[in-house]
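Asks: Starting from the given sequences, assemble the full structure and let the hints guide the process.
Protein chains: 2
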Amino acid sequence: MKWLETTEADFSTRLATLLADRGAVETGVSTPVSEIIADIRRRGDDALCAYTARFDRLTLAPDTIRIGEDEIAQAADRVEGDLLEALSLAAQRIESFHRAQLPRDMSYTDEAGLTLGMRWTPLDAVGLYVPGGKAAYPSSVLMNALPARVAGVGRIAMCVPCPDGVLNPLVLAAARLSGVTEIYRVGGAQAVAALAYGTASIAPVDRIVGPGNAYVAEAKRQVFGHVGIDSIAGPSEVVIVADDRNDPRFVALDLLAQAEHDELAQAVLITDSAAFARQVVAAVENELRTLPRAAIAGRSWADHGAVVIVRNWQEAAQIANDFASEHLEIMLDAPEDFAAQIRHAGALFLGRYCPEAVGDYVGGPNHVLPTSRTARFASGLSVFDFLKRSTSIAAGPDALRAVGPAGARLARAEGLDAHASSLTARLDALGAAQD
Amino acid sequence: MKWLETTEADFSTRLATLLADRGAVETGVSTPVSEIIADIRRRGDDALCAYTARFDRLTLAPDTIRIGEDEIAQAADRVEGDLLEALSLAAQRIESFHRAQLPRDMSYTDEAGLTLGMRWTPLDAVGLYVPGGKAAYPSSVLMNALPARVAGVGRIAMCVPCPDGVLNPLVLAAARLSGVTEIYRVGGAQAVAALAYGTASIAPVDRIVGPGNAYVAEAKRQVFGHVGIDSIAGPSEVVIVADDRNDPRFVALDLLAQAEHDELAQAVLITDSAAFARQVVAAVENELRTLPRAAIAGRSWADHGAVVIVRNWQEAAQIANDFASEHLEIMLDAPEDFAAQIRHAGALFLGRYCPEAVGDYVGGPNHVLPTSRTARFASGLSVFDFLKRSTSIAAGPDALRAVGPAGARLARAEGLDAHASSLTARLDALGAAQD
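Those protein sequences? They're chains P and L, same order as listed. So that you can map any letter, position 372 of the first sequence is 372 in UniProt numbering, and since no number is skipped, the others follow by simple counting. So that you can map any letter, position 277 of the second sequence is 277 in UniProt numbering, and since no number is skipped, the others follow by simple counting.
Source of the hints: derived by calculation from the structure; they are not laboratory data. All of these numbers come straight from a predicted model, not from anything done at the bench. It is possible that some hints are incorrect.
[What the hints assert, rightly or not] Which chain L residues face chain P? A few, computed with CB under 7 Å, are given here: (1) Y137; (2) D206; (3) A257; (4) L350; (5) C354; (6) G363; (7) G364; (8) F377; (9) S392; (10) I393; (11) V403; (12) D417; (13) A418.
[Claimed, not checked] If you anchor each label on the Cβ, the simulated ranges turn out as follows: (14) P/L19 <-> L/E80: 44 to 52 Å; (15) L/G198 <-> P/E5: 21 to 29 Å; (16) L/G165 <-> P/L102: 47 to 55 Å; (17) L/G396 <-> P/E80: 25 to 33 Å; (18) P/G28 <-> L/R299: 38 to 46 Å; (19) L/A275 <-> P/R54: 57 to 65 Å; (20) P/T59 <-> L/A203: 55 to 63 Å; (21) L/G198 <-> P/E35: 34 to 42 Å; (22) L/G198 <-> P/T7: 25 to 33 Å.
Just so it is clear, CB atoms sit at the ideal spot from N, CA and C, and this is done for glycine as well.
Replies: In structure tokens:
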């Protein structure tokens, strides 16, 4: 864990080093992934089954790639009642927030007589990648699938690897709750390739979302352009801005909630009190003695954790903007005033009783957020990821008379004569004056 | 030019071939581009000047990379008055439309007592790439820069290559009109690298937009993740849906306006009248005799052009959706009724007097649109490209009591104990009931 104070002479250099910590990771799996993609494009289901046998030790035939409705129902029925209730509450809250997020179409006729419009339409089909094994989080299924359903996407095709054939009941229950229309027991780059290009048993989709390992991330990168993808997620981060009126243990647990995700995760405390910071650091160390994922969380805190002592909250806001962090907790009185100074953050958590974990599950906003300082230019997953805009222009003779001559002049200046003539031929037919 | 009729037995196969026409183009410039980027990151301005000397035959020093205000003013003053007027009209209309497009922030408190919000903030800095030479279109400068300005972006840094030192007055005038804050006379992959990573004379930006050649496109692809980029544009397309009550010459000119852009451009007519289609084809051939860019347009029409004869407009709408074209002209009575059936198109042009060229210059909506069937999942450039969303959750004790226990249950099911404890420690302190 690094300890920085804004009063130090070399503060800005040390802050820059800390910020550079979040650089993109090179994977080096580009060649094997492009071979897998080419093979899926060439041999379809045969290749998909072969890779699944090899990587997941699971023998599939084209008619067992898709998980049957009865299997889904059986698995989902094994989930305990109170867990299913919690999942339902989460689903309902996520759905409500994303419904409120839906944008409106627009149309107006201007003084020149042109009717201009913008219309949002859903994608026809999306693919949802869900990692296998321990990283298979049901909450991620909700967070990825529900915005697509709310947006009006017709087909939501999910791929989840099932090593040794083992299904994850909670993941299947979450898929059922969130309107996934089809589930395939395949994973890795081969699943991404199948979703992007289609095989006999998996129809192609228009966009692929969801987290995955380095192979999955590289496969998404390679199919980008043929289909849409979400951003390639890096390790997770939290910045917590807290005064000394907080319980140090709450802050420590919030830092560790980030750190327990991944050894590369980053948890940062910004505070105006060095004494309070020392209490938080002690509380972190204390919690690490009993935390089940202490090995991961401890590594993350040691390598990437940081404490920044500031002179005032204005400095804190500036530094929080520099971090442009995925998550920003504001544990101050009147957190809204501080939030108003924040230009870059994936998601904000306001108040002393609003840990990031609220947003991970049952808050409502999406927990798929821009990592590695990309909140400078990127946003969390939302209904916007499953919609696209078409603009429209309607012009009759009068409208063309109003704007056509200027358009033709610009077209000629750009050396595009057919463009110009497509305007002037119509203006001539209308008997319009031209220059 | 291909001639298809929906009544033919092999229609769907032939349509699929035509659609596959728009596949992504492999460039093969990945290695030289990654070398240039690495060199700019290592040597900054020195490398930038060296590449500019080599590729643009222009000797620069760090203090002449940026084009001075006086040079911009002098160049812009050389633009004729009526052209400047046309450019101003275009700028004003583009600005109005994009202002109408600005989204609203959202905030509400739900029945559980959580206040949920979504706030839009502009990017701090964007880079605008403008190609040099003949492809330097002033209209593109307006279309790329104005949405950024309307979104509230503070720095808009433009790079334009100036081979042999020659400045393009119209491009500089357009930059001035549209609020570009700084202009650099560099281009190619080296300019993209400088915008992404910064040099001593060019501060880094958060997102890079604008068209360019294969090197520029590959460089954007490679810096993606470190900064945001717009979509990599492919060759342009138009689909025109027209009945036989149109003037065949108007339709022919609209097809050629697309074809004259690029030999790889695609222009498609969908109509229910084979007789009318034959008249259009004859008109295209006639116009090609005199069109200045006939070599390009003729090649495009021969290789990629198509006529599709349909039995009815419902069939036409389905095929237009299959094309998911960048531009869609609807030259029918009641074009709005037809437009209502369109799910995928970058931009729609409604009516017999609304050629695509209206939208290229003076319509208002953006002319940077998704190409190569990517309108299935992508949208045109807009203020949304220069904004990002932050979501927020504010929760006090009561709100945490309402949703915290379910959150903790899900966190434990996912094996994330610090997540669970960050909720339960607070609930305990509040004396809240837990399971």
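Asks: Against the earlier hints, flag every one the structure doesn't satisfy and list their numbers going up.
Replies: Hints that this structure does not satisfy do not exist here, as all of them hold.
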